[in-house]
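Novice: Letter by letter, the chains look like this.
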Amino acid sequence: MDTGLIIRVFPFFIEAAWVTIQLSVLSGLLGLSCGALGAAARLSRSPVLRFIGATYVSLIRGTPALIQIFILYFGGPQVGIQLDAFEAGVLALGFNIGAYMTETMRGAIISVDRGQNEAARTLGLSRFETFRSVILPQAMRLMIRPLGVNINALIKGTALVAAISVVELTYTAQRYIGSTYKPFEMFFLAGSIYMVIIYVTGLGVSWLDRRAALK
Amino acid sequence: MGLDFSVVPAFAGALFMGALWTIAITLSAAVLSFFGGIIFAVIALYAPLVIRTPFRLFAWLFMGTPLLLQLFLIYFGLIQIGIDLPAFVAGVIGLGLHFAVYNSDIIQAGILAVDKGQYEGARTLGLSRMQTLRKVVVPQAVRSVVPPIGNNMIALLKDSALVSVIGVAELTLSSQMAISRTFRPFEFYVAAAACYYVINLGLEAGLRRIERRIELAR
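Order-wise, the sequence lines are chains V and C. Counting from 1, position 184 in the first sequence corresponds to residue 184 in this note's numbering; the numbering is continuous, with no gaps. Counting from 1, position 68 in the second sequence corresponds to residue 68 in this note's numbering; the numbering is continuous, with no gaps.
Simulated from the structure, these hints should not be mistaken for laboratory data. Careful, some of the hints might be misleading.
What the hints assert, rightly or not - Beyond 10 Å from chain V on every Cβ pair, some chain C residues (computed): (1) Ala10; (2) Ile51; (3) Leu67; (4) Asp84; (5) Val89; (6) Val101; (7) Leu125; (8) Arg129; (9) Gln131; (10) Phe186.
Claimed, not checked - Computed footprint of chain V on chain C; a stretch qualifies when at least three of its residues, placed anywhere within it, have a C-beta under 8 Å from a C-beta of chain V: (11) 161-172; (12) 193-207.
Glycine included, C-beta positions come from ideal geometry on N, C-alpha and C.
When you get a sec, could you build the whole thing from the sequences and use the hints?
Specialist: Put into structure tokens, the structure is as follows:
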């Protein structure tokens, strides 16, 4: 293990890690919004919305994320969507993880006991009030951990935008593997940074989960 | 520049070959990840501490880092230590190991869920520890975890697109080659996505059949 080299390239990896974090946070927020909208659509009373939600989930989950990134970044200009690599990466990753989050959120909402809904309606709450003050708070508690799993996958998935030359961790590791011929050192360095990001995120998810359980 | 999907059929043969490679790499990696997952699960649960601890570290490293990074490590790392594998083989090993670690996690849970009496009964009947695992515990464990392993196989199919970056001429790289001749990325990536979608449907149908057969056997 060439520690001198690791120390020399470390600052570049930290810069790249910052890009990975930005990608994760922005596409994570987009994914959560897509997930909430998708789950609302899939659970709605309107068959049109249900169809749109189901199609979104099926198309995104049935095709590789890499291809989705390529369609948006390379194919976008042909349909009038001009994005730089970072923007295309955030949008594609966010839409992608949003489909998985749709299913996570829908699963949490439908696993809240039916009796809760019936009791709240019997007590005179409207459909919307029942959802907002009875079902959703319970579902939120159930979805924190599985959403954490989605976010974990998203963080590792940000590596895909290396393929459209966004200078994040994997791209940086790949570039230094090419110029230094030290794949193990570069893997060790980039890998450890990913582990730290994922570990800290995991702590955050556990903290949220514990707080939700106390209420 | 508008869209013109009429350029796609001229490359249908190339895309079809690419799709066959995608299926070949997915199936090879799936088989590797399945048996690898069983071996890893047995190691993680029953191997002596000196093997178990480094193994757990390895598994933890594989689950915490991106597949793309692992593919780069395997492909370029093996070249560095003098093993020049064809890209296809490197891709199968990378995908197979990555998903073996995920499968191992599931199979471990399956093994632990097998009734303890099965183990004790087999040992009482005179089977050795290894025989008990191989003939009694693991078959029952694997049967109970087919659905989550099937989900991993679906993820594997989609992640097989990543091996295009180390130069395996599967569906993604085939569509890129067509794009470099026609400059029509949107059409060809959508065509590739459609192919993946169809293969995915086929895989899902296959998995459902396996699940149903196992349900009947139980």
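Novice: So which hints don't hold here, by number, going up?
Specialist: 3, 10
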